[in-house]
Amino acid sequence: MKVWFILISPFLTALLCALGRSPNFIQRVSVVGSWITCFLSGFVCLHFLTHAPTTLKSSALFIDAVGSYLAMIISVISLLVSILSKDFMNHEQKLENLKVNSYRTYYALFHVFVSTMLLVSIANNLGILWIMVEATTLSTAFLVGFHRHRHSIEAAWKYVILCSIGIAFALFGTILFYYSAVKSGLGYSLEWTTFIEIAPQLDPRIVKLGFIFIILGYGTKAGLAPLHTWLPDAHSQAPSPISAMLSGVLLTSAFYALTRFYAITVRCVGTEIPGTILLLFGCASLGIAAPFIIAARDYKRMLAYSSIEHMGLLTFGLGIGTPFAIYGMFLHILSHAFGKSLAFLSAGRILQTYGTRKIKKITGTITTMPETGISFFISILALAGLPPFSIFTSELMILSAGFASGKNWFSFLALIFLGLIFAGLLNHLVHISFGSNLQPKNDSHPLSHFSWNACAAFIIVILVVLGCWMPNSLNAWLWQMAQIIQGSSHV
Amino acid sequence: MNTHSFYLTQAITFFSALSLVSAFGMLSLRTLRLCIRTYAAQSLCLGFTAFLLGLSLRHYHVAIIAMVVMIVKGLLIPWFLDKVMEEVRIKRELDPFVSYPISMFIGVGLALVSYSLVDRVIMNDPFAAKGFSLALTLILLGLWLMVSRKKAMIQVLGLLVVENGLFVAALSTSFSMPMIVELGLVFDLLIAVVIMGMLIFRIQNTFSSINTEHLNRLKG
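Sequence order for the protein chains is A and B.
Position 283, counted from 1, in the first sequence is what this note's numbering calls 283; the numbers after and before it change by one each time, with no gaps.
Position 141, counted from 1, in the second sequence is what this note's numbering calls 1141; the numbers after and before it change by one each time, with no gaps.
Just so you know, these hints were derived from the structure itself, not from any lab.
A couple of the hints might just be wrong.
[To be verified] Restricting the straight-line Cα-Cα distance to at most 30 Å, the calculated cross-link-like pairs of lysine-lysine (DSSO-like) are:
{"hint": "1", "chain 1": "B", "residue 1": "K1130", "chain 2": "A", "residue 2": "K208"}
{"hint": "2", "chain 1": "A", "residue 1": "K94", "chain 2": "A", "residue 2": "K361"}
{"hint": "3", "chain 1": "B", "residue 1": "K1130", "chain 2": "B", "residue 2": "K1083"}
{"hint": "4", "chain 1": "A", "residue 1": "K94", "chain 2": "A", "residue 2": "K360"}
{"hint": "5", "chain 1": "B", "residue 1": "K1083", "chain 2": "A", "residue 2": "K99"}
{"hint": "6", "chain 1": "A", "residue 1": "K86", "chain 2": "A", "residue 2": "K358"}
{"hint": "7", "chain 1": "A", "residue 1": "K358", "chain 2": "A", "residue 2": "K94"}
{"hint": "8", "chain 1": "B", "residue 1": "K1130", "chain 2": "A", "residue 2": "K183"}
{"hint": "9", "chain 1": "A", "residue 1": "K86", "chain 2": "A", "residue 2": "K360"}
The following block holds chain B by itself, in its conformation from the complex:
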């Protein structure tokens, strides 16, 4: 391994660690605005990691996908969510179901679970093992974000974190899936976010709040 690729490996490790940190950041941040920013930072980190990987291993289709991901997930989706927030005018998220310290604690537990689970299934392939562990952690943290908060917007962000985890997973299978599939996934995600944004408008207009607690009438 020469110095050049040594620095590259370091950079990749650094940025993927940063994406993990940002997921924990979203668990602890109290304003939705900041959560959206953190999500953008996370997507940019992951996109940049993928870009470096693609360049260093000469998988140029990965680099192209990484650029699309950075533009869509890092810029377009956060911008749209910001717009939605402006329209519904809700700044603070004061009332989670679970208090912040406990939420963090559970998040750490989930990370440990996913690292130990992946270690048992995927052997003899350190790169994939690392990637899948990170992916599963992000997926579980995203799910946890969704169930532990009340605001509809946070549920969308949780879903987006899960999707980022899936992106990492696809990247770990020796450098992402066929290009058409990856692009299809990004496009799907974009439409999903737009539809969810429109539904948030409707929820706000009907219930004058985006607390999902109000959405509990249908039973039986």
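Chain A on its own, in the form it takes in the complex:
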């Protein structure tokens, strides 16, 4: 059993999709491939989690509790999105008369995207980690610009340029980390496992400077304010299934890279300085998201700003830095990934039915299209942080850890912003969901029922169950991750 087995399936699927002759064939291959990817990564992760100690050899690829957590989120969400992409493609087919080439591009790039993200989750070499995060940008550039009209080209251009330039800072940070390792005389290695061991001997000044560049770099990709400017454009202009992927898992992958560096930094300079920087970025993201969500006119942009909010919360949790906060942060990663994907997927169905992104023009989705309307309703409630959904639990954990560790001002500020965002989201949600029935404008391709209901129900069940009850194995898993990142074992 090797770690890279995880990559075989998405890679082969991408290849088959690129070579496929007919749209039907490509779609089937994509769904089957995603199922296999899902099972294979589940299998690999389970294998390495149960045989943990033997695998921590020094090598370019490795998997630990954190990596496997990310890999599982990526593969499950990519499966759901791959199944539900069919609706989107059928609709586009009807609207723009797509050629088979568009199918090839869409599905092949989708699976390349999945494999780059899986490589992010199993990279041990920090250079390879960087290369793969950059590769996620490159593989999604044409997915963001899939509609060839003005707005999506603009979004794609901003996305590629801003993310590439942002991520360049992360490379500079990585080089500084490498330099500090070389200078301490502890070896010419870029491996994370080595860094963790030698972290206390590194030069703290260089590590601090490097960490600032890392935050700027991976923070741009994760959409932290004020580096978020590409995010609302890309997320609102991309096809909705791709928005779900971008928001649910791509941002998470970039954030994952940040947590890896955080783990090295706290072992070298303590939690104080990196923590404060992260708290500032977290609060700034919450603060930027709040007014834009309240004043939102376009519901996909509203969801994009909500992603900035949640990324801000994750950063906030990481900045607090106690094991309990990091536990909450990892739970939040999972719940946000599922909640936001469902929200974007439902938004995509609403967009297909009504043909408009304006919040003002849409009312009564719950009565006109109950399947989509209800899941949109539930997912936004979950994202706003209402119980009994698990986002409520994780937000509660992060904030209470903030107050418990004496970061009262920051936590209070975050609480106010969360309140504002809650009000804003609910205000728009009520407008979209209730009110007079509105007949769909264009006669769109009929949407799928069974697969949509199954996927939506699956996500909702996860959100509700984790909100009410924590399985023992997941609990142990989350503690293990908190320990890997934070360094101290919990009591």
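Add chain B to chain A, keeping to what the hints say.
Coordinates of chain B only, in the frame set by chain A:
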């Protein structure tokens, strides 16, 4: 230090200075063609510096990376960008956001900032200090190039200058990172440039211009 290594040090200093000059050149040149040529010259200078370093210190993997860099960044990427320019047929870049003298002035300021910043962080290691200062200068100048001009092509060139700065930074950490990583970086850059070139085509086809001013519809 014998004469042989003395000349080598001189050569290395000379070529790295040349790369700095070329970055300033890109700030002041008015045609995109010339900017692309200057970028090629810069990459060749840096690649050659790395090659000399690798040979003189017997780090042969550095020499190999340097050759790959010279081929990809010095020849392949400029050639591709030239092709893109031919297709979109835009020769002159007349309208920067900031006038050329002021742009140069700010560039000098950025160089001073990065030299003084690096001096404070990296001590007791003159080689790395010099390298990181040059790297940070190139990165900042590249960023400045990106924000001060309008044409989409210039933004790509700015990104490439930033990437050159990163190459210098990697070189200063006692002779570059592991080979697989360096090669991965070059490959990534190549794909990025190809994708950006294709996007420039699309921008040209949709807006009939590659001024990024047109890309301002998405707000809120």
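We went through each hint and held it up to the structure:
Simply put, K1130(B) and K208(A) have alpha-carbon atoms about 20 Å apart, close enough for the 30 Å limit, and the pair holds. Between K94(A) and K361(A), the direct Cα distance comes to roughly 23 Å. Compliance with the 30 Å bound is thereby established for this hinted pair. For the hint linking K1130(B) to K1083(B), the alpha-carbon distance of about 36 Å lies beyond 30 Å, and the restraint is violated. Taking the CA atoms of K94(A) and K360(A), the gap is near 26 Å; set against the 30 Å cutoff, the hint holds.
Restraint check for K1083(B) and K99(A): the C-alpha separation of about 28 Å stays at or below 30 Å, so the hint holds. Distance hint between K86(A) and K358(A) is fulfilled; the C-alpha atoms sit about 24 Å from each other, no more than 30 Å. Distance hint between K358(A) and K94(A) is fulfilled; the C-alpha atoms sit about 22 Å from each other, no more than 30 Å. Distance hint between K1130(B) and K183(A) is fulfilled; the C-alpha atoms sit about 15 Å from each other, no more than 30 Å.
Taken as a hint, the K86(A) and K360(A) pair is honoured in the structure, with Cα atoms around 28 Å apart against an allowance of 30 Å.
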